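*Asks:* All chains should be modelled from the sequences, with the hints used to inform the complete structure.
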Amino acid sequence: MPGRFLMFFVVLFGWAEWEHWRSSRRGMGGRPGTSGTGEAVVVLGYRNGGSRANFVNRWRVRAAVRSQAPGPSRLVLCGGAVGGTETEAALMARYAREYGCRGPLVLETESRSTWENVLHAVPLIEDADRIKIVSDSLHAEKARHYLRRHRPDLAERLVPARDYRFGEWLAMKPLLAVMGKRSLRRLQR
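Residues in the sequence shown are numbered consecutively from 39, following the working numbering.
Derived by calculation from the structure, the hints in this document are not laboratory data. Bear in mind that the values here come from a model prediction, so they are computed numbers and not experimental data. A couple of the hints might just be wrong.
The calculated label-pair distances, taken between Cβ atoms and stated as ranges, are [what the hints assert, rightly or not]:
{"hint": "1", "residue 1": "L44", "residue 2": "R203", "range": "41 to 49 Å"}
{"hint": "2", "residue 1": "R42", "residue 2": "A107", "range": "43 to 51 Å"}
{"hint": "3", "residue 1": "P40", "residue 2": "S151", "range": "39 to 47 Å"}
{"hint": "4", "residue 1": "F46", "residue 2": "R85", "range": "48 to 56 Å"}
{"hint": "5", "residue 1": "R220", "residue 2": "P161", "range": "42 to 50 Å"}
{"hint": "6", "residue 1": "W53", "residue 2": "G141", "range": "17 to 25 Å"}
{"hint": "7", "residue 1": "D191", "residue 2": "Y137", "range": "31 to 39 Å"}
{"hint": "8", "residue 1": "R85", "residue 2": "E194", "range": "29 to 37 Å"}
{"hint": "9", "residue 1": "P161", "residue 2": "G141", "range": "14 to 22 Å"}
{"hint": "10", "residue 1": "F46", "residue 2": "R69", "range": "21 to 29 Å"}
{"hint": "11", "residue 1": "P190", "residue 2": "R90", "range": "35 to 43 Å"}
{"hint": "12", "residue 1": "F51", "residue 2": "T123", "range": "36 to 44 Å"}
{"hint": "13", "residue 1": "P190", "residue 2": "S89", "range": "24 to 32 Å"}
{"hint": "14", "residue 1": "R104", "residue 2": "F51", "range": "18 to 26 Å"}
Virtual Cβ for every residue (Gly too), placed ideally from N, Cα, C.
*Replies:* In structure tokens form, the structure reads like this:
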């Protein structure tokens, strides 16, 4: 019996890792720009009720910073005041500076959903040669899908972010994979 229990968890966590890894590579574009304008790293906010960035938003900022390539790069922090009085974008910007990010930060402070994150970020990323979207892998894939639906020309500039790491968020990955796959299935209907 203990062997079956262990095997169940090995299969479950292996499946979740596989789903996140695959998702982190799906929906990329085929034609990054060549104008020399660099990249825009779009960070999707997560409901934040306090006066400082919550655990999820702090992780997303760190993933965005590690996703930045050398050269011109800016973080586009997305999220309105969904869970509290201060916008998610402002809380993430404050954390990004505390974390040591010295590059340009652009704040999108009106959105209240993933669709609105993408919609309101478009004017802030239109000039970027490369676009990266940072969140958990399946959520970022959903946002890439939205960008492709809204602006296929910009979706052609999508390149992978470094938001997937083997073993990171291990305990949460199965739940995030189930929720993310369910959400992606709804989009495909």
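*Asks:* Against each hint, give a clear statement of whether it holds in the structure.
*Replies:* Checked hints:
{"no.": "1", "hint": "L44 <-> R203: 41 to 49 Å", "verdict": "violated, 24 Å"}
{"no.": "2", "hint": "R42 <-> A107: 43 to 51 Å", "verdict": "holds, 45 Å"}
{"no.": "3", "hint": "P40 <-> S151: 39 to 47 Å", "verdict": "holds, 44 Å"}
{"no.": "4", "hint": "F46 <-> R85: 48 to 56 Å", "verdict": "violated, 31 Å"}
{"no.": "5", "hint": "R220 <-> P161: 42 to 50 Å", "verdict": "violated, 31 Å"}
{"no.": "6", "hint": "W53 <-> G141: 17 to 25 Å", "verdict": "violated, 36 Å"}
{"no.": "7", "hint": "D191 <-> Y137: 31 to 39 Å", "verdict": "holds, 32 Å"}
{"no.": "8", "hint": "R85 <-> E194: 29 to 37 Å", "verdict": "holds, 31 Å"}
{"no.": "9", "hint": "P161 <-> G141: 14 to 22 Å", "verdict": "holds, 19 Å"}
{"no.": "10", "hint": "F46 <-> R69: 21 to 29 Å", "verdict": "violated, 43 Å"}
{"no.": "11", "hint": "P190 <-> R90: 35 to 43 Å", "verdict": "holds, 37 Å"}
{"no.": "12", "hint": "F51 <-> T123: 36 to 44 Å", "verdict": "holds, 38 Å"}
{"no.": "13", "hint": "P190 <-> S89: 24 to 32 Å", "verdict": "violated, 39 Å"}
{"no.": "14", "hint": "R104 <-> F51: 18 to 26 Å", "verdict": "holds, 23 Å"}
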